[in-house]
Amino acid sequence: AQSVTQPDIHITVSEGASLELRCNYSYGATPYLFWYVQSPGQGLQLLLKYFSGDTLVQGIKGFEAEFKRSQSSFNLRKPSVHWSDAAEYFCAVGARSGNTPLVFGKGTRLSVIA
Amino acid sequence: GAGVSQSPSNKVTEKGKDVELRCDPISGHTALYWYRQSLGQGLEFLIYFQGNSAPDKSGLPSDRFSAERTGGSVSTLTIQRTQQEDSAVYLCASSLGGALLEAFFGQGTRLTVV
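From first to last, the protein sequence lines stand for chains A and S. For the first sequence, the working numbering gives the first residue as 1, with consecutive numbering after it. For the second sequence, the working numbering gives the first residue as 115, with consecutive numbering after it.
Note that these hints are calculated values from the structure, not bench results. There may be inaccurate statements among the hints.
[Stated by the list, open to error] In silico contact screen, one side only, chain A against chain S (beta carbon under 8 Å); selected entries:
#: 1; residue: Pro40
#: 2; residue: Gln42
#: 3; residue: Gly43
#: 4; residue: Leu46
#: 5; residue: Leu48
#: 6; residue: Arg77
#: 7; residue: Ala86
#: 8; residue: Ala87
#: 9; residue: Phe90
#: 10; residue: Thr100
#: 11; residue: Leu102
#: 12; residue: Phe104
#: 13; residue: Lys106
[To be verified] Some chain A residues well away from chain S (every beta-carbon gap over 12 Å; in silico):
#: 14; residue: Gln6
#: 15; residue: Glu20
#: 16; residue: Tyr32
#: 17; residue: Glu66
#: 18; residue: Glu88
[What the hints assert, rightly or not] List time: in silico EDC-like cross-link candidates among lysine to aspartate or glutamate, alpha-carbon distance up to 20 Å:
#: 19; chain 1: A; residue 1: Lys68; chain 2: A; residue 2: Glu15
#: 20; chain 1: A; residue 1: Lys106; chain 2: S; residue 2: Glu134
#: 21; chain 1: A; residue 1: Lys106; chain 2: S; residue 2: Glu128
#: 22; chain 1: A; residue 1: Lys61; chain 2: A; residue 2: Glu20
#: 23; chain 1: A; residue 1: Lys49; chain 2: A; residue 2: Glu66
#: 24; chain 1: A; residue 1: Lys61; chain 2: A; residue 2: Asp85
#: 25; chain 1: A; residue 1: Lys49; chain 2: S; residue 2: Asp132
#: 26; chain 1: A; residue 1: Lys61; chain 2: A; residue 2: Glu88
#: 27; chain 1: S; residue 1: Lys125; chain 2: S; residue 2: Glu199
#: 28; chain 1: S; residue 1: Lys171; chain 2: S; residue 2: Glu134
#: 29; chain 1: A; residue 1: Lys49; chain 2: A; residue 2: Glu64
#: 30; chain 1: A; residue 1: Lys49; chain 2: S; residue 2: Glu216
#: 31; chain 1: A; residue 1: Lys61; chain 2: S; residue 2: Glu216
Note that the structure is predicted; figures quoted are calculated from it, not measured. We put the beta carbon where it would ideally sit given N, CA and C, even for glycine.
Make the full structure from the sequences, and use the hints.
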């Protein structure tokens with residue numbers, strides 16, 4: 001069964017600084033990988049996804065993530081953080097067999113300071 | 115509809131009472147998922163529907179929890195004899211199913227058991 005680890009519970013960055021949120025997964029084959037964002041009081045919104053092909057994927061709001069098979073990682077990055085990026089970020093893994101639910105990490109809460 | 119709709123958005127109930135949570139998925143989405151999000155926790159998978167059948171009920175925490183889906187559309191999650199530990203945000207998501215795992219989430223129902 002697949003699993004996801006997000007090592008950082010809470011990260012604080014200054015507005016304008018770069019950001020990297022870590023995600024490690026466990027799965028016996030190449031998984032589908034996702035990053036979702038949850039703003040306060042909101043549902044989850046998909047930021048980006050990796051299915052196949054180019055291991056560097058671009059998402060919405062200026063986010064990108066890189067799939068590294070050798071490290072079983074799918075870290076989320078943004079070169080310059082905006083105050084509106086403060087939210088909870090969830091990494092998720094899905095099995096390529098399809099029709100199975102996504103497995104989510106526990107999330108990383110991002111705070112942005114001036 | 116335009117997105118996944120969940121009702122009610124908030125529910126306060128007394129311990130021991132039964133509650134029903136409703137999810138109206140995106141039209142045409144065959145797969146429907148229920149997750150539970152407790153404070154400080156990630157998303158805990160509860161149950162998954164493909165059409166009207168539930169091939170994976172492994173996440174239901176106890177026999178007090180049940181769910182059904184009718185007409186391949188609306189789903190209802192029922193919690194009987196609610197306990198305080200049932201307090202959480204219950205999230206519903208839908209997807210086209212098959213190998214297309216991108217899940218679209220509703221805003222959730224915040225359940226508080228007092």
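So, going through the hints one by one against the coordinates:
1. A hinted interface residue such as A:Pro40 counts as satisfied when its beta carbon comes closer than 8 Å to some beta carbon of chain S; here the least separation is about 12 Å, so the hint is violated.
2. Because the closest C-beta pair between A:Gln42 and chain S is about 7 Å apart, less than 8 Å, the hint holds.
3. With a least beta-carbon distance of about 4 Å to chain S, the hint placing A:Gly43 at the interface is held under the 8 Å criterion.
4. Among the interface hints, the one on A:Leu46 holds; its C-beta lies about 6 Å from the nearest C-beta in chain S, closer than the 8 Å criterion.
5. For the restraint placing A:Leu48 at the interface with chain S, the shortest Cβ-Cβ distance is roughly 10 Å, beyond the 8 Å limit, so the hint is violated.
6. Annotation: interface hint on A:Arg77 violated; nearest CB of chain S at approximately 21 Å, more than 8 Å.
7. Below 8 Å, beta-carbon pairs count as interface contacts, and A:Ala86 has none with chain S, the closest being about 17 Å; its hint is therefore violated.
8. A distance limit of 8 Å between C-beta atoms decides the matter here; for A:Ala87 the minimum to chain S is near 14 Å, and the interface restraint is violated.
9. Taking 8 Å as the C-beta cut-off, the interface hint given for A:Phe90 holds, the closest approach to chain S being about 7 Å.
10. The beta carbon of A:Thr100 comes within 7 Å of a beta carbon in chain S, closer than 8 Å, and the hint placing it at the interface holds.
11. At its closest, the beta carbon of A:Leu102 sits 6 Å from a beta carbon of chain S; the interface hint therefore holds under the 8 Å criterion.
12. With 8 Å as the threshold, the beta carbon of A:Phe104 comes within range of chain S, its nearest partner Cβ sitting at about 4 Å, so the hint holds.
13. For A:Lys106, the interface hint holds, since its Cβ comes within 8 Å of a Cβ in chain S; the closest pair sits about 4 Å apart.
14. A:Gln6, annotated as away from the interface, has a beta carbon of chain S within 12 Å; the closest lies near 8 Å.
15. Residue placement check: A:Glu20 keeps its beta carbon more than 12 Å from all beta carbons of chain S (closest about 19 Å).
16. Its beta-carbon lying about 5 Å from the closest one in chain S, A:Tyr32 breaks the requirement of being farther than 12 Å from that chain.
17. Under the 12 Å C-beta cut-off, the non-interface status given to A:Glu66 relative to chain S holds; the minimum distance is some 19 Å.
18. Distance check for A:Glu88 against chain S: the nearest CB is about 9 Å away, which does not clear 12 Å, and the non-interface claim fails.
19. Under the criterion of a C-alpha separation no larger than 20 Å, the hint pairing A:Lys68 with A:Glu15 is inconsistent with the structure, at around 27 Å.
20. With a C-alpha separation of about 26 Å, the suggested pair A:Lys106 and S:Glu134 falls outside the 20 Å cut-off, and the hint is violated.
21. Restraint check for A:Lys106 and S:Glu128: not satisfied, since their Cα atoms lie roughly 28 Å apart, outside the 20 Å limit.
22. Between A:Lys61 and A:Glu20, the direct Cα distance comes to roughly 14 Å. Compliance with the 20 Å bound is thereby established for this hinted pair.
23. Under the criterion of a C-alpha separation no larger than 20 Å, the hint pairing A:Lys49 with A:Glu66 is consistent with the structure, at around 10 Å.
24. The suggested pairing of A:Lys61 with A:Asp85 holds, with an alpha-carbon distance near 9 Å, which does not exceed 20 Å.
25. Distance hint between A:Lys49 and S:Asp132 is unfulfilled; the C-alpha atoms sit about 38 Å from each other, more than 20 Å.
26. Between A:Lys61 and A:Glu88, the direct Cα distance comes to roughly 15 Å. Compliance with the 20 Å bound is thereby established for this hinted pair.
27. A hinted pair counts as satisfied when its Cα atoms are at most 20 Å apart, and S:Lys125 with S:Glu199 qualifies at roughly 14 Å.
28. Restraint check: the Cα-Cα separation between S:Lys171 and S:Glu134 comes to about 17 Å, which is no more than 20 Å; the hinted pair holds.
29. Of the pairs offered as hints, the one joining A:Lys49 and A:Glu64 holds, with about 9 Å between alpha carbons and a cut-off of 20 Å not exceeded.
30. Of the supplied pair hints, the one linking A:Lys49 and S:Glu216 holds, its CA atoms being roughly 8 Å apart against a limit of 20 Å.
31. At most 20 Å may separate the alpha-carbon atoms for a hinted pair to count; A:Lys61 and S:Glu216 meet this at roughly 18 Å.
Figure legend: structure checked against the earlier numbered hints; hints not met, in rising order: 1, 5, 6, 7, 8, 14, 16, 18, 19, 20, 21 and 25.
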